[in-house]
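*Asks:* Knowing the structure of chain A, use the given hints to seat chain B on it.
There are 2 protein chains.
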Amino acid sequence: MDSTTLFDISYGVYVVSSKKGKKYNGQIANAVIQVTSDPPKILVCLSKNNLTHKYIQQSKLFSVSILEKETPFKFIGIFGFRSGRDLDKFKEISHKTTDRGTPYVTENTLGYLECELTETLDVGTHTIFVGKLVEAEKLKQGEPLTYAIYHEVKKGKTPKNAPTYVKPKKTETKEK
Amino acid sequence: MDSTTLFDISYGVYVVSSKKGKKYNGQIANAVIQVTSDPPKILVCLSKNNLTHKYIQQSKLFSVSILEKETPFKFIGIFGFRSGRDLDKFKEISHKTTDRGTPYVTENTLGYLECELTETLDVGTHTIFVGKLVEAEKLKQGEPLTYAIYHEVKKGKTPKNAPTYVKPKKTETKEK
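Just so you know, the sequences run in chain order A and B. In terms of this note's numbering, the first sequence has 4 at position 4, counting the first letter as 1, and numbering is strictly consecutive. In terms of this note's numbering, the second sequence has 129 at position 129, counting the first letter as 1, and numbering is strictly consecutive.
This is chain A alone, in the form it adopts within the complex (with noise of 0.2 angstroms):
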């Protein structure tokens, strides 16, 4: 078998968003695509390690940020890279929220989704969870960021909790 073909599927890259009372947080997602039309419903696959899983459980909303081709890695990193159990993140990130109080972030953004959840499927390590759009709107003109962008042309990492992450070869030393 070889796992490498996985490699071949495509992905964009999101930042799925959620709510618990007034705190938000918010984590880089490639596992994100529409799932019917009528209605239209999206899905989103997150680990459920993440702060975000918990607030999507709890609130029943997400909003999906589609993010831009230009997007700079140092964004992707607060998203991907670090728990919102550790910081505020977007303190320092351009956001609005919805009508019902999802936030959602505007820089580096082409547009974004906001979903009530109606359906949810546990996999393993992780949960799909779908839900009806209710609202979306378009925030800028460009091209999408594409996961074989941000792998190929940025050669920027995949975090441990992706549905996509490769564990590194196992070498003879073991860890103590």
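Heads up, a few of these hints could be off.
Claimed, not checked - Stretches of chain A that chain B covers, calculated by requiring three or more beta carbons in the stretch to come under 8 angstroms of a beta carbon on chain B:
| # | segment |
| --- | --- |
| 1 | 8-22 |
| 2 | 27-34 |
| 3 | 107-116 |
| 4 | 127-134 |
| 5 | 137-144 |
Calculated from the structure, these hints are not laboratory results. Ideal placement from N, C-alpha and C gives every residue a C-beta, glycine not left out.
*Replies:* Frame of chain A; chain B shown alone:
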């Protein structure tokens, strides 16, 4: 609500295939993602109207053939706009079967993934099938076909049963 925001979600283009005994069928799908890495699991989202949907429910097996950028329109037409109820789609298409008997396409294909069904989620008009990766092979080097290339460069259309289908705007003339 501006539904055109949905157009900035990124996808690849795939042939999802399954079988019923010795009968094979496959269809174009864009809603294909990896959802976990330990173990690797793949998600596909298919319309309940489609024959491949029925075959996956019965055989509990499916394959994903990852199409290359150069895939011609005619090929996509066979798998995307025709029903396996009317023709044997694999008749004139190069294909092989896995050890488990699942068909996969070998022309215009960068590689294929074979999955055993582990979870199913009903999301309305479509079903989400999640399967554990049991086979994966790279067939050639190249760039994958993306939905953006299919639409913008190739001016391809979206079939009615796709999760990303957009209804043509209503006119005053009623259909009879």
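*Asks:* Hint by hint, note whether the structure agrees.
*Replies:* Consistency of the hints with the structure:
Remark: the segment 8-22 of chain A is confirmed as covered by chain B, as 5 of its residues place a Cβ nearer than 8 angstroms to a Cβ of that chain, reaching the required three. Counting residues of the segment 27-34 of chain A whose CB falls under 8 angstroms from any CB of chain B gives 5; the rule of at least 3 is met. Remark: the segment 107-116 of chain A is confirmed as covered by chain B, as 4 of its residues place a Cβ nearer than 8 angstroms to a Cβ of that chain, reaching the required three. Figure legend: the segment 127-134 of chain A, annotated as covered by chain B; annotation consistent (4 residues with Cβ-Cβ distances under 8 angstroms, at least 3 required).
With 3 residues carrying a beta carbon less than 8 angstroms from a beta carbon of chain B, the segment 137-144 of chain A meets the three-residue requirement, and the given coverage holds.
The structure shown violates none of the earlier numbered hints.
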